[in-house]
Amino acid sequence: MEAEVQEIREHLRHYPPFDRLDPQWLDQIAARTDVAYYREGSTIQEYGEPIDNLRYVRSGAVEVYRHNGELYNRIGEGDIFGHTGLLHNRRVRFPVRAIEDTLLYLIPADVFDQLCEEDDQFADFVELSGPRLKATVEQNERENDLMVSRVRRLLTRSPVNIEENAPVHEAARLMTEHHVSSILLFSKSDPDDERAFAGEEHGHWRLTGILTDQDLRARVLAAGRPGDTPLAEIKHDRLITIQSDESVYEAMLAMLRNNVHHLPVLHRRRPVGVVHLSDIVRYETHSSLYLVSNIFNQGSVKGLSRLMPDVRAAFVRLVDDGATSQMIGQAMSSIGRSLIRRLIELAEEELGPPPVPYCFMVNGSMARNDQTITTDQDNALILDDSFDPAEHDAWFAALAQRVSDGLHACGYPYCSGGIMATNDKWRQPLSVWRRYFTEWIDEPDPEKLLHSSIFFDLEAVHGEERFVEQLQDLVAERASHSPLFLAALARNALNRTPPLGFFRTFVMEKDGQHNNSINLKRRGTAPLVDVIRVHALAVGSRSQNSFERLDDIVKANTLPAGQADKLRYALEFISMVRIRHQAYDLKHHHAPDNNIEPENVSDGERHNLKDAFQVLSNAQKFLRFRYPMPTR
Amino acid sequence: MSPAAAHQQRSESTWAAFFADQADRCRDPALRAFYAAGLPAPDTPLQDVPLMALDFETTGLDVHRHAIVSIGVVPFDLKRIRPSAGRYWVVRPPRPLDEASIRFHRITHAEVARAPDLDEVLDEVLAALAGHVVVVHYRGIERPFLDAAVLARRGERCLFPVIDTMRIEARQVRAGWWNRLKGLFSARRTSIRLADSRTRYGLPGYSAHHAKLDALATAELLQAQIARHYRPETPVGELWE
Numbered sequence: 001m002e003a004e005v006q007e008i009r010e011h012l013r014h015y016p017p018f019d020r021l022d023p024q025w026l027d028q029i030a031a032r033t034d035v036a037y038y039r040e041g042s043t044i045q046e047y048g049e050p051i052d053n054l055r056y057v058r059s060g061a062v063e064v065y066r067h068n069g070e071l072y073n074r075i076g077e078g079d080i081f082g083h084t085g086l087l088h089n090r091r092v093r094f095p096v097r098a099i100e101d102t103l104l105y106l107i108p109a110d111v112f113d114q115l116c117e118e119d120d121q122f123a124d125f126v127e128l129s130g131p132r133l134k135a136t137v138e139q140n141e142r143e144n145d146l147m148v149s150r151v152r153r154l155l156t157r158s159p160v161n162i163e164e165n166a167p168v169h170e171a172a173r174l175m176t177e178h179h180v181s182s183i184l185l186f187s188k189s190d191p192d193d194e195r196a197f198a199g200e201e202h203g204h205w206r207l208t209g210i211l212t213d214q215d216l217r218a219r220v221l222a223a224g225r226p227g228d229t230p231l232a233e234i235k236h237d238r239l240i241t242i243q244s245d246e247s248v249y250e251a252m253l254a255m256l257r258n259n260v261h262h263l264p265v266l267h268r269r270r271p272v273g274v275v276h277l278s279d280i281v282r283y284e285t286h287s288s289l290y291l292v293s294n295i296f297n298q299g300s301v302k303g304l305s306r307l308m309p310d311v312r313a314a315f316v317r318l319v320d321d322g323a324t325s326q327m328i329g330q331a332m333s334s335i336g337r338s339l340i341r342r343l344i345e346l347a348e349e350e351l352g353p354p355p356v357p358y359c360f361m362v363n364g365s366m367a368r369n370d371q372t373i374t375t376d377q378d379n380a381l382i383l384d385d386s387f388d389p390a391e392h393d394a395w396f397a398a399l400a401q402r403v404s405d406g407l408h409a410c411g412y413p414y415c416s417g418g419i420m421a422t423n424d425k426w427r428q429p430l431s432v433w434r435r436y437f438t439e440w441i442d443e444p445d446p447e448k449l450l451h452s453s454i455f456f457d458l459e460a461v462h463g464e465e466r467f468v469e470q471l472q473d474l475v476a477e478r479a480s481h482s483p484l485f486l487a488a489l490a491r492n493a494l495n496r497t498p499p500l501g502f503f504r505t506f507v508m509e510k511d512g513q514h515n516n517s518i519n520l521k522r523r524g525t526a527p528l529v530d531v532i533r534v535h536a537l538a539v540g541s542r543s544q545n546s547f548e549r550l551d552d553i554v555k556a557n558t559l560p561a562g563q564a565d566k567l568r569y570a571l572e573f574i575s576m577v578r579i580r581h582q583a584y585d586l587k588h589h590h591a592p593d594n595n596i597e598p599e600n601v602s603d604g605e606r607h608n609l610k611d612a613f614q615v616l617s618n619a620q621k622f623l624r625f626r627y628p629m630p631t632r
Numbered sequence: 001m002s003p004a005a006a007h008q009q010r011s012e013s014t015w016a017a018f019f020a021d022q023a024d025r026c027r028d029p030a031l032r033a034f035y036a037a038g039l040p041a042p043d044t045p046l047q048d049v050p051l052m053a054l055d056f057e058t059t060g061l062d063v064h065r066h067a068i069v070s071i072g073v074v075p076f077d078l079k080r081i082r083p084s085a086g087r088y089w090v091v092r093p094p095r096p097l098d099e100a101s102i103r104f105h106r107i108t109h110a111e112v113a114r115a116p117d118l119d120e121v122l123d124e125v126l127a128a129l130a131g132h133v134v135v136v137h138y139r140g141i142e143r144p145f146l147d148a149a150v151l152a153r154r155g156e157r158c159l160f161p162v163i164d165t166m167r168i169e170a171r172q173v174r175a176g177w178w179n180r181l182k183g184l185f186s187a188r189r190t191s192i193r194l195a196d197s198r199t200r201y202g203l204p205g206y207s208a209h210h211a212k213l214d215a216l217a218t219a220e221l222l223q224a225q226i227a228r229h230y231r232p233e234t235p236v237g238e239l240w241e
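If you're matching them up, the sequences are chains F and W in order. Using the working numbering, read the first sequence as starting at 1 and increasing by one per residue. Using the working numbering, read the second sequence as starting at 1 and increasing by one per residue.
The shape of chain F in the complex, shown without the other chains (with noise of 0.2 Å):
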C-alpha cells in the first residue's frame, strides 16, 4: 500500500462512520480517495449543485446550513458532509461554507453507494437522523443481557500461575507478592491433549490444580511438609473449573455444591482468572432487589443513610449490566419509594397511628419511574376530607418532616421549589387537592402552571392509593378537553431548547455561540419529557412514565408516523448518556451532576446526540403548531 493511501487510510479508520468498518473497506476507501483544499471564508458547496462525493473533514472545519440559511452543524476534523445530498437525487441539499482553511477528502459516489448497499452500519449513520439514533439504541438493547450477568464481569485481574513441579514455598511467595488467597498450577502439555492451550512464551499447558491459602495450611504445614515440597504432590486430585460465560448464579452453584470457595474461570481451556466466593456475595449485595429488602431491615434514619454506598453501587451495577434507562429508572425509584416507606413506617411507629386516612404521592422523576442518581425529594400529602386542620394537621406535619428529614439525610436534598408535603400549601385534603387541579387546567396560566407543571406526574407511595388515583382520572379527562390548558403547557415545554450539537470542545448553540458544558437534563430529558407530557395529556393517557406515555400516544394515533418512535429514542439515548456519566462521576469519585463536558463525549455519542438534540428541537416546533393559544 502506498503511503499516501496509508496516511488517508490512518485518518479515517478514528472516526465515525469508518471507525467500525472492515480493513479491507477502508483500504479501498482510501485508495481511492480525492483530495482539496479550501480556503476560510470560501463555499465548498451551494444548494442544488451536483454532487459526485462524500466530503471528509480532514482539517479545518465547515459550516453545514439549512436551505434557508439557518446554520445546521459546525463540523471539523474526521467529519463527513455531503451524504444528505448523495442520497437525494445526487443534489446537494446543505449549502456548506469553510470556517477556516479546509483540506478535505473527497469519496467517489460509487464507493459511497457500495458502502451503503453492503455495510448497515454505514447506512444507519449516513441516513439522517432517525435510522441512526434507532439502530444505536437497539443495539445496545440487544449487546446486552441483564438478565443473565457473565461470571467473567466478577474478575478483577488476571491469574497468578505457576508450574506444578515448582516447590510449594515459591508458590507462597507468588501469592503473598500478589496480594492473592490462590494460584493456578500448570504443566507442560501435548499440543493434541484436549485440555491443551498454547501459552503466551511458545508451547502447550495445561491447567492442572489450584492451590489456596487453607491448603498451605492444611496440606503444608498442618501436615508437616516442608517448603520444598513440588506442588503436584500436594495438590487437589479433582479441579472445579467454570466457563466465563457461564452465569453468576451457575458459580455460585458450582461452589455450593462442591463446597470449594475458589473457582478457576476458563474462557475455553485458557484460565482467564478466579472468583472467589466473597466476590460473588460482594456482587449479589450491589442487586436492587438486596438492597430493597435491606432497606425494610433498617430500624432507624441513621441505618437507612447508611445504605447510600449501597444505592449508588447498585446504579453503578445496573449501568455496566447495560441496562437500560427506563430498567434504571424504575430500579432507582422503587429504591427511592422503598425507602420513602420505610421512613413513613418508622414515623408512624413513633407517631402512633394516622388520625385519619392520608396518602402520600410523589411527584416528578420519581412518580415517572424515571429517577437517576442526581434527584431532589417532590412529595405531598392527601389527606381524607375528614381532615380537621386544627385537630389533625400536628401529626401529618410532623410525618412530613420526618419522612423529608429523612430523605435529605438519605441523599434525596429538601426540593428547592418547595414541593414537599412539609409545605402547607402540598399537605391537603383530596377535596382541596381536586380543586387545585380543576384551576391549574380550567384557569391556565404558563406562569403558574410553571410551577405546578410537576404536580402532573404523579403516583401513590403509601396509604390511600384511591386518592391519587381519582386526581389521575381528574387529569385523564379534564385536561384533554381543555385546549387551552394544552397550549399553556405546550408553551412551557418550549422554555428549555436543546443546543445544536457539539463541535470539537464546545457545547453549539443555534445562534452558532459556544459553551463549555452542557447540562443534559435541563437541555435534553427535561424538555423531551416536557413534551411527551403534553401530548400524553391530550389523549387522555393515565401513564406517568414517559415511555409507557408514547405508548398510549402511538394508540390514540395522534402523531405523524413513527414521531413517538424517535422520541422514545432520543429520550432513551440522551438518558442513557447522562446515566453513564453519572455512573462514570461515581466511579472515579466525583460529585455524579447533569452537566457533561464535550471532551468526554465521543464521537459516537457526539453524531446520535446531535440526532436526538434534532429530535426534540422538530418535537417542540410541531407542539407549537399542535397546540396553539386558542384566541378566546
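Mixed in with the good hints there might be a few duds.
Not everything, but these chain F residues come out facing chain W in the computed CB check (under 10 Å) [to be verified]:
hint, residue
1, 6
2, 36
3, 38
4, 58
5, 64
6, 102
7, 322
Okay, the calculated beta carbon distance ranges per label pair [claimed, not checked]:
hint, chain 1, residue 1, chain 2, residue 2, range
8, F, 194, W, 109, 54 to 60 Å
9, W, 229, F, 71, 26 to 32 Å
10, F, 604, W, 229, 35 to 41 Å
11, W, 109, F, 589, 54 to 60 Å
12, F, 50, W, 127, 43 to 49 Å
13, F, 589, W, 229, 50 to 56 Å
14, W, 114, F, 14, 46 to 52 Å
Since the hints were made in silico from the structure, they are not lab data. We put the CB at the ideal spot given by N, CA and C, even for glycine.
Once you have looked at the hints, place chain W on chain F.
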C-alpha cells in the same frame, strides 16, 4: 551547455517553441512524445491547466554525485487532487545507497535491490508528466536530477517549466519592506520548507519523506497558495519558470 545556461536561454515566452523544437529534434520516442504533448499557452488561466505534482527522493543533493531513489507523481487541478491516479516508482541508483539515506527514506536495501534502473521506468514517468505543468517544492532537485538522468541514459535533454511552491512561499513570506526588515533583524528567517509552509495554510502534517506523499503534500500546498494569494484566473505563465 549547463542547465542554468539553458534556462537562461529559454525565457518563459519561448517554452512552447522549445517544446515544438525538441519534439522534432529528439530521437528517443518517449522524449519525442513528451515534448509533442506540448504545453498550455502562458496566458491560460490556472483553473484550466492540468497540473502534475512531482517529487523525488535522492541519495543526496548534488546532481553530479547523487541519484534518484524514488519518484512520486500526483495529478491535480485547482479543484481536485487525485492521488489514486498518481504513480510511485522505486528505482535502483547506479551507486549503492548508504545507510544514512536509507534511514531517511524508509526504503529498504531489499526494495532498492529489487528495483529496476530508472531507464526501465523512464518511459512511464515521461508519459505521466506529458501534457501537464509540473509542480515541485524547490525547483533545484526534480528538474536537474531528471535532466541529468535522462541525458545519461538517452543522450538527450529533458527540460520543462515548473511551478515551484517554495518560490511562491518565499515571495509571500519574504516580500514587503516589513518582512525584509524582520529578516534583517531576526536571527531566524521564516522557514519555507514544505512542512512549515503547509502549517501556515492549516494543512495537516504528514509523515514526510515518501515521494508520492510529498507530491500530494505539494499539490495541496499549491491549491492553498492559489486560494490565498492568487486567483483561479491567474495566467499560468505568471507562476512557471
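Would you check whether residue 6/F satisfies its interface hint, that is, whether its CB is within less than 10 Å of any CB in chain W? 9 Å, holds
Determine whether the Cβ-Cβ distance between residue 229/W and residue 71/F falls within the hinted range of 26 to 32 Å. 30 Å, holds
Given the range 54 to 60 Å, decide if the beta-carbon distance of residue 194/F to residue 109/W lies inside it. For residue 109/W against residue 194/F, whose Cβ atoms are near 47 Å apart, the range 54 to 60 Å is violated.
Does residue 102/F meet its interface restraint, that is, does its C-beta lie within less than 10 Å of any C-beta in chain W? 7 Å, holds
Closer than 10 Å between Cβ atoms is the bar; does residue 64/F clear it against chain W? Give me holds or violated. Since the shortest Cβ distance to chain W is 19 Å, the answer is violated.
Is the hint on residue 322/F kept, meaning its closest Cβ partner in chain W is under 10 Å away? Cβ of residue 322/F sits 37 Å from chain W, so the hint is violated.
Assuming the hint says 35 to 41 Å, is it satisfied by the Cβ distance from residue 604/F to residue 229/W or not? 40 Å, holds
For the range 54 to 60 Å, tell me whether the beta carbons of residue 109/W and residue 589/F fit it or not. 55 Å, holds
For the hint on residue 38/F, does the least C-beta distance to chain W fall short of 10 Å? This interface hint holds because 7 Å falls under the 10 Å limit.
Residue 589/F paired with residue 229/W, Cβ distance criterion 50 to 56 Å: 55 Å, holds
Consistency of beta-carbon spacing, residue 14/F to residue 114/W, with hint 46 to 52 Å: Between residue 114/W and residue 14/F, where Cβ atoms are some 33 Å apart, the hint is violated.
So, as I understand it, the hint says residue 36/F touches chain W; can you test that by seeing if any CB pair is closer than 10 Å? 5 Å, holds
In the structure shown, a violation is registered for the earlier hints numbered 5, 7, 8, 12, 14, in ascending order.
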